[in-house]
Amino acid sequence: MKRILSSVTDGKGFDIGLVLLPLAFLFVLSGLPLVYNVVMSFQEVDMFSLGSFVRPFVGFKNYVDLFSQPETAPILLNTALFVTASIAGQFIIGFGLALFFWMNFPGASWLRGLFLVSWVMPGLVVGAIWNWILSGDFGVLNFFLREMGVIAGNIFWRSDPNYSLWAVIIANIWLGTSFNMILLSVGLSAIPRDLYEAAELDGATALQRFFTITLPMMRSTIGAIIALGLIFTLQQFDLFAGITSGGPNNSSNVTQYWAWDLSFRQYDFAKGATISAIMIVFVMLASVVYVRSTRHEVRG
Amino acid sequence: MDIRRRAMLGMIALASISLPAFSAQAEDVTITVWSLDRDIQPAPNLIKEFNKLNTGIKVEYRQIQFDDVVSEAMRAYSTGQAPDIIAVDNPEHALFSSRGAFLDLTDMVAKSSVVKPENYFPGPLASVTWDGKLYGIPKATNTIALFYNKDMFKAKGLDPDKPPQSWDELVEAARKLTDPAANVYGLAFSAKANEEGTFQFLPWAQMAGGGYDNINAEGAVKALDIWKTIIDEKLASPDSLTRGQWDSTGTFNSGNAAMAISGPWELDRMIQEAKFDWGVALLPVPKIGSERSSAMGDFNWAVFSSTEHPEEAFKVLEFFVSQDDRMFKDFGQLPARSDIAIPPTGEPLKDAALQVFLEQLKYAKPRGPHPEWPKISKAIQDAIQAALTGQMSSKEALDQAAEKIKAVLG
Amino acid sequence: MSDQIRNRLMLGVALVLAAIYLFPLYWMYVTALKTGSAVFATPPNFLPSTPQWSVYPYVWESRNMGRYLWNSLVIALGAVSLVAVLGVGCAYVLARYRNVWVDVGLFLILMLQVLPASLMVTPIFVGFSQFGLLETPRLAVILAIAAKTMPFFVVLVRATFMSVPMELEEAALVDGNSRIGAFFNIALPLARNGILVSAILIFMQAFGEFVYSKSMIQAVELQPASVGLNTFMGPNTNEWNNIMAYATIYVTPVLAVFVLLQRRIVSGLTSGALK
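Chains as they are written, first to last, in the working numbering: chain A, 1 to 300; chain B, 301 to 710; chain C, 711 to 985.
If we strip away everything but chain A, and leave its shape as in the complex, we get (with noise of 0.2 Å):
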C-alpha cells in the first residue's frame, strides 16, 4: 500500500496518473462518440432511435449503398483537391513569410505576430467575411481582379461549379497561413546560424543553401506540419457552412460536410456515420506520420 502510495507521489505511478486521467476523459468525450459512429455505420438508424444503441445491424449495406451513389466519387476526389491544396496554399505561403520574417529587420517580429490574427479569428466569422468578399455581384475579391485586368466579367466564386470548391480553398488557405508561418518560423530560428555561416565561407549559394541546410533540417517540423493540416484541414467545416453549403451540385462538397449533410439534412444518419469511419481510417493514417515524425526530436 506504502508502496503504491509513494509511487503515486514519486514515482511511475505519478506520470501514469498525470496521464491516464486526460486520457480517460478523452476516451469518455471522444473515444466513445468515436465508436458510437463507427457502430453507427453498421447499423440501420433511425432518426427516432438515435437515443438508443439497439438497432438492427446491417453488415456493410451502408457501405456498398454510399459506394454506388454517383456522387460519392467527385466528392472525395473534391475532398482530395481541397486537402491538397489547401495544405499546398498554407505551406507553401506560410514557409515564405517565414523565411521572410526570418531575416531580420526591425519591426519584424512585430508585423509577423500581426499575421496570427487570422489565426485566433472564430471559424464563424472567417466564413461571413470572405462570404462577403467572395460575392459575385458586389464581392470586392472581384473588384480588384476587374481593375487588375485578371477577369472581364465577375467570377462567381459560391454559385459556379468551376470556382466554388477553390472560394472555400482560398479562405482556408488564408486561415492556415498563420499557423504554418509561426511553426515554420520556429523550426527555422532552431537552425544553428553557424551551419550557414560555414557554407557561405564554402561558397553555397542562396538556392543551395536553402535545399541543402534549411530543407533537411526541417524535416520534422515539416512533417509535423503537414500532419497537423491534414487533421485541420479534415475538419475544416465552419468555412463550408459560411461559404458555399457544399453547393451547388456538390461541386464544393467534400467528406466532412457531406457527412454531416446527409446526417441533419437528408437525415441519413448511418450514411453520415459511414462516411465518418472512413475519415476514420485516413485520419489515423496522418496521426501514424505525425507520431513519425516525432521520432527525430531531441530534448534541448
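Since the hints were made in silico from the structure, they are not lab data. It is possible that some hints are incorrect.
With a cut-off of at most 20 Å between alpha-carbon atoms, the simulated DMTMM-like pairs for lysine to aspartate or glutamate come out as follows [as the list claims (entries may be wrong)]:
no.: 1; chain 1: B; residue 1: Lys704; chain 2: B; residue 2: Asp513
no.: 2; chain 1: B; residue 1: Lys358; chain 2: C; residue 2: Glu931
no.: 3; chain 1: B; residue 1: Lys411; chain 2: B; residue 2: Glu618
no.: 4; chain 1: B; residue 1: Lys348; chain 2: C; residue 2: Glu845
no.: 5; chain 1: B; residue 1: Lys575; chain 2: B; residue 2: Glu618
no.: 6; chain 1: B; residue 1: Lys358; chain 2: C; residue 2: Glu845
no.: 7; chain 1: B; residue 1: Lys675; chain 2: A; residue 2: Glu71
no.: 8; chain 1: B; residue 1: Lys706; chain 2: A; residue 2: Glu71
Over the 10 Å line for every Cβ pair with chain B, so calculated as not near, a few chain A residues [said to hold, decoys possible]:
no.: 9; residue: Leu77
no.: 10; residue: Pro106
no.: 11; residue: Phe156
no.: 12; residue: Pro161
no.: 13; residue: Phe210
no.: 14; residue: Gln235
For every residue, glycine included, the Cβ atom is placed at its ideal position computed from N, Cα and C.
Following the hints, position chains B and C against chain A.
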C-alpha cells in the same frame, strides 16, 4: 445507477456557474415553444402577450434557424429533450406525425371553441392531417408570386400595368430589364439546394402538368429549360443557385433586380426598403390561359407527444389561433383560414399585394404530405442544380430525380 | 547605410504583405460602418464616406450582445481551465519519456480528435442527455470543447516541456524534492510561458466555438456570441453592415488582447511551445 446519480450530482455541483439565472414561479406550468420566428414576427410577440395574461402558464421561447428545425427537433425528441410546442414547415409535418412524435390533437380540437378544422384552407389542413387525425394546427400559409419594379418597367419602355403573364413574356421582360452596366438583373429568384429551391420550382412544374410524383413530365423539363435560359443569359444572378429567397429579394429591394419571385413574408421589409414603385402579379404560366398553380408554404404548430402538459400546451395554441385576424396587419403573414376576412391595413401597396397573394393561394398545392418528403425534395434540388450548372441536361436531371422519387414513393 | 536601406525596404515589403493579408479584417471593419445601400455600391468604397458609428450601439442593444459575450467568456474560461488542469500533466509525462508507449499515447490523443465537431455532436448530445448534463448546458459545452481542444494543447505543451532540460529536474530530485515537488517547482515554472501561450490559443478557439454550443444550449439566455451571430445571419444575409458590426464587436476584444500580448505570445511560441 447510484454511482451515476452521484456522479451527476457532483457534476451539477461543479456546474453552479451554468445554472440558469431565472426561475419560474413555483405554481406555474412552463411550456417551451420553438419556432423560427424572429423578434418582429408573430411567435415571440404573441408569447410576450400571453405571458402578460398570467394564466398560470409560463411560456418560454427559443428561436431556431430554418435549416435546423427538423434536425434539432428530431435530436431533442429522440433524447427526451423535446419542447412542448414546435413550429415545423408543412412538408415536414408528416415526417413527425407518421412516427407518433406529435400529439394527436383531434379530440382536443373537437372540444375547442377556438380551433375549428372547417375554418382552414384544405391544403394547410391536409399537411397537419395524417391517417385521418389532426397532428397540428396550421400556423399561417403563403405562396409565391411575381414582384416587379414599376419604375424600371417604365424606364425600359414596358407597361407597368402589364406585368408578364406567360413564361415567354417573363423571359422577354427579363431580357429587356437586365442592365449589366447598372448592375441590374431582370429577375431574382432562388434555386438554392434546400427546401426553398423545391418550393420555387414545383409551381412551375405543376403549371405545366408535372408534380413531385411526375417530376420529369414534358412541361417540367420545359420549365427547367426556362430557368436554365434565365441563368445562362445572366438574366438572374448566378448566385441564385446559392441564395435563399430572402437574400434574392433583398437585391430586388436594393434596385439590383427588376423582378423577384417570392412570397408575402417580404412585404413588410419591402415597404420599408424599396425606394421605388412596385407591384405584385400572379406567377406567369406556361402559355396564356394555362392552368395556374403554386406551392403552399409556411409552418404548422404541433405539440410533441412527449409533453407533460398537453392541456396547457393546447391552451397556448388556442391563444395563438385566437390572434389569427391580426397576423397580416401586424406581421405580414396570412392566416391559413377561410373564415377570416383580412381587413385592409391602410398601406395601399400591401393591400394590393394581399389581393394577388389571396388569388394565388387558391392554386396552392401542398408538398406531400409524405413522411419522407426531405428525400423527395432533395432529389428535386439535385436535379435543379445539376441542370443549371450545365452538368446535365434538364431532361437527364429530371429523369434521374424521377427515378429517385419513385424509389421513395414505392 | 545600405543596411538601413535594406531594412526600410524589407519593412516596406512586410507592411504591404501584412496589408494584403489583413485586408479581410479591414473589410469587416469598413463594411460595418457603411450604410445599408453603400454596402452594395459598385465600385466599392474603401473608406466609408459617412461612417455610421451608431451601428455599434444599435447592434449591441438589439442583439443583446452583452449577454452573448458573457456566455462566450464563461464557456471559454471554463474550457481553458479544464484543458490546462488535465492537459499540462499529460503533456509533461509525454515529454519526459521516449518510448513506444509515448508514441501510442500521442497517437491516441491525435486520433481522438479526428472527426469535426459537427459529426461528434450527435453522439455527445445523446450521451450527455442520458446523464442529465444537458440540464447545465454551458457545462456540457465546456466539457465537449475541452475534449476537442485538449489534444492540440497537449501537443503544444509537450513541445514546451521538451525544451526544459531534464538535468534541472534530476538535480532537484537529488536535492530531496519529490517528483511532485520537482514538477511544480522546476518543470512547471520553466514551461510557464509556453503553457500560457497555448492556453491563450485554446481560449480563443473556445471563445469562437459554434457547433457544440448551437446544438446543446437551447436556452437563449445561455447561448454564446457565435450562436448569436448565426441566429443573426440566418435568413438575413444582406444586412452585411450589421453582421459585420456584430462580428467586429465579437472579435475586437480578442484581437486587442492578442495584439497587446502578441510579443509575449510569439516569443512563447518561438521559444519552445511549437518546437
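These are the hints, each one checked on the structure:
| no. | hint | result |
| --- | --- | --- |
| 1 | Lys704(B) / Asp513(B) | holds, 11 Å |
| 2 | Lys358(B) / Glu931(C) | holds, 16 Å |
| 3 | Lys411(B) / Glu618(B) | holds, 12 Å |
| 4 | Lys348(B) / Glu845(C) | violated, 24 Å |
| 5 | Lys575(B) / Glu618(B) | violated, 39 Å |
| 6 | Lys358(B) / Glu845(C) | holds, 19 Å |
| 7 | Lys675(B) / Glu71(A) | holds, 15 Å |
| 8 | Lys706(B) / Glu71(A) | holds, 19 Å |
| 9 | Leu77 | holds, 14 Å |
| 10 | Pro106 | holds, 45 Å |
| 11 | Phe156 | violated, 4 Å |
| 12 | Pro161 | violated, 5 Å |
| 13 | Phe210 | holds, 43 Å |
| 14 | Gln235 | holds, 20 Å |
Hint compliance for this structure: hints 4, 5, 11, 12 are not met, and every other hint is.
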